[in-house]
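**Student:** Letter by letter, the chains look like this.
Number of protein chains: 2
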Amino acid sequence: MMDLPPVVKNAVTALGRLPGVGEKSALRMVTAMTHWRASELQQFAIATGGLADLRECGHCGMWTEEPVCAICLDPRRAESGILCVVEQVSDLLAIERSGQYKGRFLVLGGVLNPLLGVGPDQLRLTAMGDFVQREHIQTIILALNPSVEGDATCAYIKHVLPAGVAVERIGFGMPIGGSLEYLDPMTIGKALENRKSF
Amino acid sequence: MMDLPPVVKNAVTALGRLPGVGEKSALRMVTAMTHWRASELQQFAIATGGLADLRECGHCGMWTEEPVCAICLDPRRAESGILCVVEQVSDLLAIERSGQYKGRFLVLGGVLNPLLGVGPDQLRLTAMGDFVQREHIQTIILALNPSVEGDATCAYIKHVLPAGVAVERIGFGMPIGGSLEYLDPMTIGKALENRKSF
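So the protein sequences, as listed, match chains A and B. Here the first sequence is numbered in numbering that gives the first Met the number 0, starting from 0 and rising by one per residue. Here the second sequence is numbered in numbering that gives the first Met the number 0, starting from 0 and rising by one per residue.
If we strip away everything but chain A, and leave its shape as in the complex, we get (with noise of 0.2 Å):
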């Protein structure tokens, strides 16, 4: 980085430490910046300080304020007796958005990765059989990424499950709004398998 004050390079250094934001384009960030007011400054240092006091919920690991998420708390949702299993916080988000879903979640924060040292007890996993039961849930739907490693989470959770519960794993195939001349040979695969008749 150039010769610049050094407000402006622990400004750079902070945001570009942000998901998808490199040198220039934090530089075009603080460039907007300087044209805030000192209280626009104050309020969005205060506003990003803030998700320190986000906490995880202690049912699903829901991002939330209180003990328990607004989801968990939901009494339709626990009475669907449907669990989702998602890897990230922002998987769920994306399930939500879609509208298509009303039952309860859990978040994993990840996926098996021996390789990487996650075993189960690094993931929302032990607590999946507690959660199962005291919620009698009937149906968990695999939402997990297609991965080696999601598939072999979604092994595992399919093994440790009491026998009672039906497991169900998200539908591949093409993507609405997606084109086959661009479609990648697995996907195509999948869209072929999971074919139904119409």
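Keep in mind that the hints were calculated from the coordinates and are not lab data. If a hint is listed, it holds; no wrong ones were tucked in.
Each pair may be met inside one copy or between any two copies, as identical chains are not told apart.
In silico DSS-like cross-links for lysine-lysine, where the CA-CA straight-line distance does not exceed 25 Å: (1) K101 - K23; (2) K101 - K8; (3) K157 - K189.
Assemble chain B onto chain A, guided by the hints.
**Tutor:** Structure of chain B alone, referenced to chain A:
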């Protein structure tokens, strides 16, 4: 935005005010920040909030924490007798990155735009005459962007400067690494017009 905890909503709104950051990117940033330690969040808030201490150089308008910036204090640049006029600090930084210029700068703070109420008094234009005299500037390089307003501002500057000062504008043509095939007609026109014997 869906029903997220208030601290998340506040952080998404704050980050969404940065240039090039929409709600989706802001949420992705927040997701990353939830994995930061409280001390890292605090550091981020301090570094970005620190931009409130940034000033404009009293001579040229560059970012500085002192009354006068490092570029203006550099005696070799002062002796060069050359002044490069730019619209924004980010333009100055781009020229500095090229490493091809070692004179003084003047950051106008924009270009003349009567429709938006931007006249000479809204820009660092009135101070330019004094700057040129006081610093014994012999050559002015106009590095304003090619636009109707940029062209008009260049014409205005040329008009108000004393006759003894050489006024030049940066060259327009084909960018290095560009491809004629994809170049816009205006740039091709400029490149033809600005051809040099080879």
